[in-house]
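If you count by this note's numbering, then the sequence shown holds residues 1 to 442, one letter each, in order.
What the hints contain is simulated information worked out from the structure, not anything from laboratory work.
We treat Cβ as the ideally placed atom computed from N, Cα and C, and that holds for glycine.
Don't take each hint at face value.
Below, computed lysine-lysine pairings styled on DSS-like, alpha-carbon distance capped at 27 Å [to be verified]:
#1 325 / 285
#2 325 / 357
#3 436 / 393
#4 209 / 341
#5 97 / 331
#6 393 / 369
#7 93 / 3
#8 393 / 29
#9 372 / 352
#10 262 / 181
#11 352 / 273
#12 27 / 273
#13 285 / 369
#14 97 / 3
#15 313 / 209
#16 3 / 89
#17 262 / 352
#18 331 / 348
#19 357 / 378
#20 273 / 108
#21 325 / 435
#22 373 / 285
#23 369 / 358
#24 97 / 71
#25 435 / 89
#26 365 / 341
#27 71 / 357
#28 97 / 432
#29 331 / 3
Simulated restraints, written as ranges between beta carbons of each label pair [said to hold, decoys possible]:
#30 29 / 299: 46 to 54 Å
#31 72 / 387: 31 to 39 Å
#32 26 / 433: 27 to 35 Å
#33 284 / 351: 21 to 29 Å
#34 395 / 85: 43 to 51 Å
#35 300 / 254: 31 to 39 Å
#36 123 / 63: 32 to 40 Å
#37 23 / 92: 25 to 33 Å
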Amino acid sequence: MAKVALCISGAFRGENFIEYLNDTIGKFKSLNPDVFIASWDSYKIWPGVGGLGVGWIRNWYSQDIIEFAPKEFIGSNSDFKKLFPEVYKILEKEIDKHIDNDLLEKIKRLDNVKSIKLSNEQEYLKQYPSNLEIVNSTKMFYGFWQVVNLLLEYETKNNFYYDYIIVLRPDKIYSIDFDLKFIETLQQDNEIICEEYDWGMMDISLYGKRYAMIELLSLFDKASRYRHLDYFKYFPSGICCAPIGFLDHSILVRCVKFIGLKINNTNFIKYNKIDYNPRIPNIQKALLKDLENIDTNRDQDYILFFDILNCPKLLSTRLATQIIKNHLSYKLGEAMIANSKSLLGYIKMPFKLNHIKKEHNNEQKSYEKIIKKHPNLKLPPLETYPDYNEAIKIKNHLSYKLGEALIKANNKGFITGGGGYWLLFEIRRIIKEHKKAKNENR
1 MAKVALCISG AFRGENFIEY LNDTIGKFKS LNPDVFIASW DSYKIWPGVG GLGVGWIRNW
61 YSQDIIEFAP KEFIGSNSDF KKLFPEVYKI LEKEIDKHID NDLLEKIKRL DNVKSIKLSN
121 EQEYLKQYPS NLEIVNSTKM FYGFWQVVNL LLEYETKNNF YYDYIIVLRP DKIYSIDFDL
181 KFIETLQQDN EIICEEYDWG MMDISLYGKR YAMIELLSLF DKASRYRHLD YFKYFPSGIC
241 CAPIGFLDHS ILVRCVKFIG LKINNTNFIK YNKIDYNPRI PNIQKALLKD LENIDTNRDQ
301 DYILFFDILN CPKLLSTRLA TQIIKNHLSY KLGEAMIANS KSLLGYIKMP FKLNHIKKEH
361 NNEQKSYEKI IKKHPNLKLP PLETYPDYNE AIKIKNHLSY KLGEALIKAN NKGFITGGGG
421 YWLLFEIRRI IKEHKKAKNE NR
């Protein structure tokens, strides 16, 4: 059977990025590929505005959320920036969360993962400073270069070569189960299969024989050595980019042909965007400032929509699993487990749990305030969701049961009602049962 490498390169977005990685890898399981992953050592809990395309709302939100957006919001980022310049200044900045050892171990345990490289984005920006407004083109090719080096090192170590290489992004959902018949249609060593239009080639899914893909994935290295070429004249600020800095897909086509490769858009890997529904950053002061300069009577409509984007309960409406993970029991239990791994964690635990409870109560008040004005936004019963049966299993997770016990102890009264004493024994019982169930399922 042909040896296939699946390379995943790009920024991780959203709290559920590992689930998306797992889904992507699963789509290619019939090829039994070796998986290589290159990204940053953090993931985006707020992904910024997403370039110059369809606009940040359509980039990141599901259709049920988009339908509540004022029509003035459903446009390009440049249109939104003109209307809300102060809000835009906040939204265009990405917000990162560090990938800790627990998350890293989860990535490593995904099927067939052979090697991972997580770079520090701030160190990258110091090493490759940019004077352009947008720096994503260089970041993309840097990611390609990192992931192909992982692959080359693995080949050298194991004394073989891959026949085919597939390159995907971690922030898309790939909509087909891929099999070998797609790859075996490739006839030429210098051919790349990708999505192509009159205005250029897309970079979201690429595959080809080893030679062609190594050449393409090495463009960052070529740019650093051949800056006199037009394709690389903006390096390190940009590669194959327009003067403002964004990737110019028509220049990319010319560059690919210049290095001797051919583009074929038959059988390219189809994909869909991921509806992250991220919680918006704090824009209250900026919004009030912008509203002072807007001559309209729709202030309350604008404020309400931003309230929706700040309400986790409404943002997690697509799946029952997301709704249950937003329960206070689950959130408290997760924090109890995370903070029980060190002495410092134990010391901080009461403050962390109290903060989670306060934040959860505020979120609940926000939800009730919104549905009072718009009853049609009220969440349907949990059993109506397609993943209901899967979601119910979460209530048997260790985190959910621990959080549930903590709430019961608090309701009893930790001191006067003996809740604290009861909780100690309940935690021991829950952990014992959890270990027993885990051993039985092995």
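- request: State the violated hints by number, sorted upward, taking the hints as numbered earlier in the document.
  value: 1, 4, 6, 7, 9, 11, 14, 15, 16, 17, 24, 25, 26, 27, 28, 29 and 35
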